[in-house]
Structure formats: C-alpha cells, structure tokens
Amino acid sequence: MLKTLLRPFIAKSSGDFARLGVLLALAGLILFGALRYDNFISPFNILSFLRYNSMFALIALGMAFVIITGGIDLSVGGVAAMASVVAAYLSPYGWVPGLAGGMAAGLIAGSINGLIITRMRIQPFIATLAMMLAAYGTALLLANNQSVSVSYDTGFTTIGQDDFLGFPIPAWIAALAYVLGWIFLERHPAGRHVLAIGDGEATANLMGLKVEKTLFAVYALSGLLAGLAGVILASQFGAGQPTEGVGWELFAIASVVVGGTLLTGGSGSVGATLAGALLLAMVFNILNFENGLGWISLSAYWQSVIRGAFLLVVVVLQARLMKKTEA
Amino acid sequence: MTTIDTSAPGERPVRPNMAQFLSRYGTFAAFILLVLFNLIVTPNFLSWQTLNVNLTQVATIVIVAVGMTLVIATGGIDLSVGSLMAIAGTAAPMIFMGTLLPIENMGVLVILSFILPVLLVMAFGWFNGVLVTRFSIQPIIATLVLFIAGRGIAQVATNGNLQVFKNPDFQFIAMGRIAGIPAQVIIMIIVAVLAHCLIRYTVIGRQIIAVGGNEKAARLTGIPVRRVKTFVYIVSGALAGIAGLIVVARNSASDANLVGLGMELDAIAAVAVGGSLLTGGRANIIGTVLGAFVIQLVRYTLLANGVPDAAALIVKAGLIVIAVFIQQRAKG
Numbered sequence: 001m002l003k004t005l006l007r008p009f010i011a012k013s014s015g016d017f018a019r020l021g022v023l024l025a026l027a028g029l030i031l032f033g034a035l036r037y038d039n040f041i042s043p044f045n046i047l048s049f050l051r052y053n054s055m056f057a058l059i060a061l062g063m064a065f066v067i068i069t070g071g072i073d074l075s076v077g078g079v080a081a082m083a084s085v086v087a088a089y090l091s092p093y094g095w096v097p098g099l100a101g102g103m104a105a106g107l108i109a110g111s112i113n114g115l116i117i118t119r120m121r122i123q124p125f126i127a128t129l130a131m132m133l134a135a136y137g138t139a140l141l142l143a144n145n146q147s148v149s150v151s152y153d154t155g156f157t158t159i160g161q162d163d164f165l166g167f168p169i170p171a172w173i174a175a176l177a178y179v180l181g182w183i184f185l186e187r188h189p190a191g192r193h194v195l196a197i198g199d200g201e202a203t204a205n206l207m208g209l210k211v212e213k214t215l216f217a218v219y220a221l222s223g224l225l226a227g228l229a230g231v232i233l234a235s236q237f238g239a240g241q242p243t244e245g246v247g248w249e250l251f252a253i254a255s256v257v258v259g260g261t262l263l264t265g266g267s268g269s270v271g272a273t274l275a276g277a278l279l280l281a282m283v284f285n286i287l288n289f290e291n292g293l294g295w296i297s298l299s300a301y302w303q304s305v306i307r308g309a310f311l312l313v314v315v316v317l318q319a320r321l322m323k324k325t326e327a
Numbered sequence: 001m002t003t004i005d006t007s008a009p010g011e012r013p014v015r016p017n018m019a020q021f022l023s024r025y026g027t028f029a030a031f032i033l034l035v036l037f038n039l040i041v042t043p044n045f046l047s048w049q050t051l052n053v054n055l056t057q058v059a060t061i062v063i064v065a066v067g068m069t070l071v072i073a074t075g076g077i078d079l080s081v082g083s084l085m086a087i088a089g090t091a092a093p094m095i096f097m098g099t100l101l102p103i104e105n106m107g108v109l110v111i112l113s114f115i116l117p118v119l120l121v122m123a124f125g126w127f128n129g130v131l132v133t134r135f136s137i138q139p140i141i142a143t144l145v146l147f148i149a150g151r152g153i154a155q156v157a158t159n160g161n162l163q164v165f166k167n168p169d170f171q172f173i174a175m176g177r178i179a180g181i182p183a184q185v186i187i188m189i190i191v192a193v194l195a196h197c198l199i200r201y202t203v204i205g206r207q208i209i210a211v212g213g214n215e216k217a218a219r220l221t222g223i224p225v226r227r228v229k230t231f232v233y234i235v236s237g238a239l240a241g242i243a244g245l246i247v248v249a250r251n252s253a254s255d256a257n258l259v260g261l262g263m264e265l266d267a268i269a270a271v272a273v274g275g276s277l278l279t280g281g282r283a284n285i286i287g288t289v290l291g292a293f294v295i296q297l298v299r300y301t302l303l304a305n306g307v308p309d310a311a312a313l314i315v316k317a318g319l320i321v322i323a324v325f326i327q328q329r330a331k332g
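Note that the protein sequences, when read in sequence, are chains R and S.
Counted the way the working numbering counts, the first sequence spans residues 1 to 327.
Counted the way the working numbering counts, the second sequence spans residues 1 to 332.
So here's chain S without its partners, still in its complex pose (with noise of 0.2 Å):
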C-alpha cells in the first residue's frame, strides 16, 4: 500500500484509476501481503493459537464495524460505539451478580444480562438518532455526546473500579466454542452474513444505501429517511453491546475505563480500510469483514515482530488517512 505517491501532477487522468484499482482490490491484496510477511517472518505464525488469537481479538471489531458500516452508509458518524460498549459490559456483571435485580434464579440472572444491556444500550443507540434526525444535530457531535458522557456513566454506575467475575454460563459468549469454533467468532459470521443480506436483499437495505446517497431524493421518493437513520444508529448501539458483552466476558472482568477504549476508530478504519466511502451512500460489508482482519493483522504483526504499542498506534493513524485516501481518490 505504500506505493502510491503524488508524483507528477501531469498524471492526473490516470491515477483515478490507479485509487479505484486499489479501492477494490488494495484491501484483499494488503490481506494477503500481511499474511505472506507473517509466515516468513514471524515466528510460529501458522499455528492454532495464532489463528485462535486473531480470530477472537477481531470479532469485537467486525461487529462494532458491521454496525458502523450501515451508520456511514446513511452519510453518518457513531461516535460512541466505546463508550456503549463500555456501559453493556458494565451493566452485564453488576446483573448476573445480583446487584442490580432482586432475583435468586441464577440462570434468569443470566439470560437478563445478556438481554437487558443490549437493550439498555440500544435505547442509547436510539437516542443517538433521535439527535440526529429529530433535532438536526450533526452525526459528529450528536455521538460525541455520548462518546464522552456514556463512559463516565459506565464510570459512574461503577465507582471506576473494575468488576471481577467468574461465571461460565455467562462467558460462553466469549469462551465457549460450537464445534470446535470460539462462540465470538460465530457470532462474528452471523452478524456479517445477517448485515449483508440486510443490505443485498432487503427493502430498509437499499433505503439505507438511497439515504446516503441523496437524502433530498430519497425523501422525495416517499423513503422515511428519520425511520431509516433511527434504525441504523440503533442497530449500531446493539452491535457495540454485543461487543460490549464479549470483551468483559473474555476477560473474566469489566473495567469500565478500559472496555471499548478506541473502538470508534477500529471501527471507522475497517469500514474506510474495507472500501466503503465516509461520505455514504455505499455499504460493503464483506469489505469492512477484510477491513477488520487487515487491521488486526496489522497490529499483530508490529507486536508480534516486537514493535511497542505506541508505535503501532503511529500506523494505525497512517493507515486510517492512506485507506480513507484511496477510497476519496477512487470516487473522484
């Protein structure tokens, strides 16, 4: 990916081109490049435990990014994706514990908390988009409202003190494997494949992709564009607390500082690393799937070579701008 520069100005008719070539081809190939360095460089790359490993750290991000996929695809912004995530995975614990509820029956404690938060954290979603539908507040500033209130709520509810646990039935959602595949991953795959039929086959699909392509003209063509972005913020408020829900679960903790902290931009990056334009109007969810895996792989091959977090997050910000680059370059 490194190999587009702004040379000669008298280019200018061909590099289109170049960007739309990479635009949908660049992600798969960026995939595939990080694979074939990591299997010659890194040591015991090919092995369960490192697939084990990426496959779990990147579900989080594929489900958050799945929801940000369709809020982007409206000509929107969420962010507040962490901090939701943060408020599901604080209220999770402090139900199944019995703080919260006056109920004795451990297995309803549980079901609860796997319902009540994603619930909990929808109504926030929906909040979300009554912002930005009712009161005409811009998708940026509408979310940041709750990207800084929502974690000093989840901050709140628990004093800052980290909550630790020990429930498997709860941490199935997390630990637990169907046939032999980690239950994350498997949500992962049904929440994509879900998003994409959503977006291929149904009607609130292609209302979505018309919304954010020419609100003024989706409008006039009869589409309830308020219905439409209200859906999407909700669902992408249900998404985070899915996630929510998982990282606490993994841990076997929840730190309401911690959990979802710089989800937003994982999220943003693998819908604009996954092909899919800022500016709305287009939803690629496979894209953002492959996306996602890219950032992962990313971060894993710079730690796993050695270099620091703080100069991982160095590339991941170069990234971020070169993917969001391309995909401008490419509808241009």
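Okay, chain R solo, but in the shape it has when bound (with noise of 0.2 Å):
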C-alpha cells in the first residue's frame, strides 16, 4: 500500500521527482507558516486564501493542459479581464446569466485560438499573444475604458463571495474543476490523446489521433476556465475589470511548470499543477504575513521579481534534469 502510494514519487522520470519536490516544498512551506504565524492556520487565513487563489487554479488548470499538449496560452489574463466585463454587464438579469455570460466569452476566444492555432497553423504563443491584445482591447472597448460595477441584488456576488457548507465557493469551482480534469486526463481515454499530442504530434497523426480537434479542445478549455475565472474576479471584486489580469498568464505558466509538467509537452500531471498553484500562492501568503509583521517592506513590485525568479529556478533544474536523463 504505501509503496504503491509512493510510487509515483520514486519513478525515475524527471517530472516525478519534481512532483516530489513540489510536495516536499508545500508541506515544508505550510509548516514554516504554521509555527511562525500565529494566525496563519486560522480559518480565516485559510478561507480567503482559498477564496482568492481559486481564479488562479481554474487558469492553472486549463494551462496545464495546454502545455501538455506542447502549446502555451499568453491570452488566459486578457480573456478573464474581458469575460469579467461581459459577466458585469449581465449580472443584473440575475447570476446565470452573468455566469453563463462570462464563460461564453471565454470559450469564444478560447475556440478562436484554436481555430488559428489549428487552421491556420499558426504558432501557439504568436496567436495566444494576438488573442492578449484583441482580448484586452476588446474588454475596454466594451467597458469603455473603465471598470463596471455588477448588481448586488441578483445573487451574482453569492458565486465569487459567499461560501458553501463552510467553504468559499470559488474553492468549490475549483475543485469540481480539478476533479473533472484528473478524471479526464488520467482516466479518460482522451486524456491519452493530449499527452500523446504533446509527445509528438506527427506520431500522434499516424497513430490515427485527432489531432486537431484535441488541440481545439484545449485552447478552448482553456479559455472557458478562463472566462470562468474572470467571472469569479467580477463577482468577488464586485465589478468588471477591463485592466486585471495581468501577469496572470505568468502565474499559471509558473504554477504548471513548478508542478514538474514539462515545458515541451507530453508530460504532466493535473495534481501536480494544482500542487505547484498552491506553492506559488502560499509563497505569497507567507511574504504577506512577513509584510504586515514589518519586517520586510515587500511592495506589490516585489512580487513579479519572486514569480520570474521562481520560474527561472524551476527550469534550469527541468532543464538540467532532462538532460541526466536523456544522457
């Protein structure tokens, strides 16, 4: 039993051992913030941890799919800035539609990117990265250049505010998102088809994959989970956000690759990703708490610093461990 338990943490691939690492990582970090801070285990630190990181899980998540197959989405922060404008608009005819708003404009510029990507064969990150910029431009168009406040009296600031049998309901979300991921990455038989993909795509075409619609699939995924998380914001911030998301594509690429999923595709593991989420968020729970004891002075500025050099960190060990073991 335990040795099966293990087992997934003793193979000898490399995204194993990250996997370990990450783990080793949260549960060290959760223990230095437990018997540093008095009230970090409280639960109100904890619910508005979960409560606030969700967003960032539901776009790990699609991400992590992404680079699996070997692609990458810049566009996740520009479409949550826009589906959070469309759901603001829509909140007052009630929380679906808002919600239901929300995710669609996700999903349509998540398709579009699969159509370029998969149509017009268009590298990845060229089109993701034309996706950011309409998505972004399409969000202030429709806001006009502002933030727009969402109606408090339909219920649509229950999804991203209130909590449900204890818990936040974005962690809810998140993790129903999660589950169903796993099922249908590990479990399901096209969940093979994405990791073959990002394996190789001209094998994957020979083996009689449908490559293209899997690709489709993914991008789209990915926005929705997007739009989703752009609802979320709306409705925790209690307004649309035309200029949010940035750098959040930067969080979910971190999140996906400190999980140990590599880069080229092929390889990855949704566990691993909501794993490597949480470490970067803790990272930053832990650096609030140094914050508001006094010792450190750490703007907002500081973060961005920490998130590259944690990136960086975690691919030059991938990077160093796929060579021992191609060698």
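Don't take every hint at face value.
What the simulated footprint calls covered on chain R by chain S, stretch by stretch (three residues with Cβ under 8 Å from a Cβ of chain S suffice, anywhere in the stretch; the number is not a length) [said to hold, decoys possible]:
(1) 123-131
(2) 239-253
(3) 309-315
Hints are computed from structural coordinates only; laboratory data are not their basis.
On a predicted model such as this, the values are computed, not experimentally measured, just so you know.
Don't be surprised by glycine CBs; every beta carbon is placed ideally from N, CA and C.
Assemble the dimeric complex from its two separately framed chains, guided by the hints.
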C-alpha cells in the first residue's frame, strides 16, 4: 500500500522528481507558516487564501492541458479581464446570465485561439499573444475604459463572495474543475490523446488520433476556464475590470512548470499543477504575513521579481533533469 | 491585405504563389495603400508635423525590431525587450540625477547615463542567451523570466514612482536634431544600416542565418552555435536599452510601469509583417523597417480618424495573425 502510494514519487522520470519536490516544498512552507505566525492556520486566513487563489488555480488547470500538448496560452489574463466585463454587464439579469455570459466569452476567445492554431497553423504563442491584445482591446471597448460595477441584487456576488458547507464557493468550483480535469486526463482515453500529442504530434497523427480536434478542445477549455476565473473576479471584487489579469498567464505557466509539467509537452499531471499553484500562492501568503509583521517591506512590485525568480529556478532545474535523463 | 480568403480547397496549388507574392510585395503594397488612404481621408496628413510624429514614434519600434529580427533569424524569440527598455529607462535618470553614483561632474554623469544602462541590459541579454544556449531552455520560456521579473526589477528600483526630469544634454538622444533630422531618427537609420550590413556582408551575419536554417548542420560545419545565439540576445538587449533611453528622454519622465509595455508584440509584429519567417533562417532588415512603418501607420490612421485606442489593439492583433499566416504560406 505504502509502496503504491509512493510509487509516483520514486519513479525515475524528471516529472516525478519535480512532483515530489513540490509536495515537500508545499509541506515545508505550511509547517514554516504554522510555526512562525499565530494566525496562519486560522480559518480566516485559510478561507481567504482559498477564495482568492481559486481563480488562479482554474487558469493553471487550463494552462496545464495546453502545455501538455506542447503549446502555450498567453491570452488567459486578457480573456479573464474580458469575461469579467461581460459578466458584470449581464449581472443585473441574474447570476445565471452573468455566469453563462462570462464563460461564453471565454469559450469564444479560446475557440478562436484553437481555430487559428489548428486551421491557420500559427504557432500557439503568436496566436494567443494576439488574442491577449484583442481580448484587452475588447474589454476596454466594452467597458469604455472603466471598471463596470456588478449588480448586488441578483445573487451574482454569491459566486465569488459566499460560502457553501463552510468553504468558499470559488474553492468548490476550482475543486470540481480539478476533479473533472484529473478524471479526464488520467482516466479517460481522450486524456491519453492530449498526452500523446504533446509527445509527438506527427506520431499521434499517424496513430490516427484526432490531433486537430483535441488541440482545438484544449485551447477552448483554457479559454472557458479563464472566462470562469473572470466571472469569479467580477463577483468577488464587485466589478468587471478590463485592465485586470496582467501577469495571470505567468502565474499559470509558473504553476504548471513548478508542478513538474515539462514545457516541451508530453507529460504532466493535474494534481501536480494544483500543488504548483498552491505552492506559488503560499509563498505570497507567507510574504504577506512577513509584510504584515513589518519585518520586510514587500511592495507589490517584488511579487513579479519573486515570481520570475521562481520560474527561473524551476526551468533551470527541469532543463538539468531532462539532460540527465536523456544522457 | 484583406483580399486573402480561404475559399475552395481546389485552388490549393495556386495559393502558395499568391502568398509568395503577398509575402514579397504585400508589406510595401500595404504601406502605399495606407499612405494613399491617409492622403484622402486624414486631415493634415501631408505635413511636417505628421511626418515628425510618425518618424519619432516608429524609431523605437524599428530599433527594437531590428534586434528581434536577428534573434528570430536564429530561430529564437525575445519576449523580454519591453522589460529591458523599462530597466534601461529607469536606470538612466537615476544615474544623471546623481542618486546612484557619487559623482559631481554633470558631463560625466550624462555620459555614464548613456553607457551604463545599455551595458546593464546587455548583461541581461547575455543572461537570456546563457539560458537558451547552456541550459537549452526554449527561448519563449527563457525570455519570459525577464519579461516578468525585468519590469518588476525596474519597479522595485523606483518603488513604482514616476521619475520626472529636465536634462537637455541627456534628452538630446530624443529631442535633439542633427541637420534638422531628429536624433532618434538618425539612430534608427544607423541601427538599421549596420544590421543590414551585418547580415549581408559579415561572417557572423551568415552564421546567424545558418543557425536558424538548420542548427545541427550549422554545428557540424563548425559554426560556434552557442556564441552566435548568445550574440543575438546581447544585441537585442542593447538595442532595447537604447530604445528605452529614447522613450524616457522623449517623455521627460521615466515610468517603470509603462516604458516599453507591449513592445515585444510590436517588434515581433514588425518582423512578421516585414517578411521574415518566425521559425528562423531568414533575416530581412529592410522588411522589418517597412513592417514597423506599416504598424505605426495603422495605429496612426486609426487614432487620427477617431477610432479608440482599444479598437486599435484588436486591429493590431488581426494584423499580426494575418502577417504570420502569409509568411508561413509563402514558405510552404
């Protein structure tokens, strides 16, 4: 029993080493936080941690699928911003139109990405970089360069602000998405296709897999999840924000990479992505505590430096491990 | 450029020719069309004022895009150029305002404020190169690190505050004129000509193309692939640094949050619109310059005719996709 449990972590592939590392680091950080700060394990900190970081976890999930196919989606931040504006505009008509509208906006943007990548054969990073521009442009146009207040009467804010069975609703949404994602990737044949495509598109094609359809689906899914994150954003902060989401794509990419998914595609896991997202979020949670205690003065600007440094360390480690496993 | 459609599949053998034609002459045709359109529609288009605005706006795009062309020619990409602009642009005022170095002589400080920031971002370019060559990290990811962290470094250095200054000596790089031509336009011309000559007439120029065309073959023929690749990232960093200095000198202010924001896209777009393949093996500096002019003219046309900035973003996105599509078709 113990051996089977530990098996993924003692296998000799690079991804598994990284996965063990990320779990150990996560456990270490939680232990560190719990010992150092009185309120770290308090319900308030845990719940607000979950509430706030669920958006990023959702985006990281979509990004994991994209990266496993060997692609990248740089548009998620822009798409989330656009979806938050759409959701805010629809929120007076009820929470269902708000939710559905935001998700639809994300799905449309993701589908356009998928079409450009599969039909026009344009590299994913160019296609999604262009979509990032277009999505921010659309969001600013729709919102007239301002943030759009949501309606507080129709239950729309429930999505982002309320709890269900003691846990924030965004956390439930993220948990459900991760369970579905895990089932899909590791237990469903189509999930194998995603992995196979990342391993080698030509081979997957020869095997008769529906490469184009799968790739399209992956980008559409990433857009859909970004749209959902945008809905939560609007609901949580009470406004659709056309300039929000800058740097979200990097958070998502960093989470996926920290989780041990290879940027070259072909391997990766849903669970490890969640661990990666939690780890990154935990670092900032702890830094906030440090900041609150007044020992270091941590401006928001440090966050991007730290995030970049994190990404750097992980990709360098990944590159070394890959070289070793190849040798 | 809107005439390309994906009509009947039966036309397949014909389409590559069409794409090749567009790839070769499309940018120039688009440029002429934009000029004609503006002559008819935009009021006061034919004035020194307009020419001046467009030339000074395009100068920084051209300078950065030339470096991007070299990087892309080796099969790489440099997403960090905008952040490097911000780093150089924030470092320069800190130097000549005397907050960084204990030097009293203003002349020395101004000279140092041209040199040190560019050296600094060249070091960052070298860092990009090392990640790509020594650690074999994909260029998108390697340069993504500084894309994120670079702007953060500039923001941390200034605590996100705006640095306002007035220093005619330093600002000569943007405001000055030599024989009536803006200094930044002269820098742009020098950079483009040097890069064109580098590609055409030097050994390293040919090595850059060879590395991008077929890296393995290049290595087997004895080309120092690593050195060539590191070189292009350093050049790209240096040019981004110069562009950063120009931008802050032009604005009389340095804002770490805004300097060079989105420049990586403009530069990549200029390269793609200008006819270089994004997969490497080709470098068309004249095309890149023309591509930058087309992008600038599109933006100017939209803004001058009252189209909101946000809509201009969407048009730019479409332009990038169409340009890349045509280049790929032309090759295939």
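Outcome of the hint check:
no., hint, in the structure
1, 123-131, "holds (count 7)"
2, 239-253, "holds (count 3)"
3, 309-315, "holds (count 4)"
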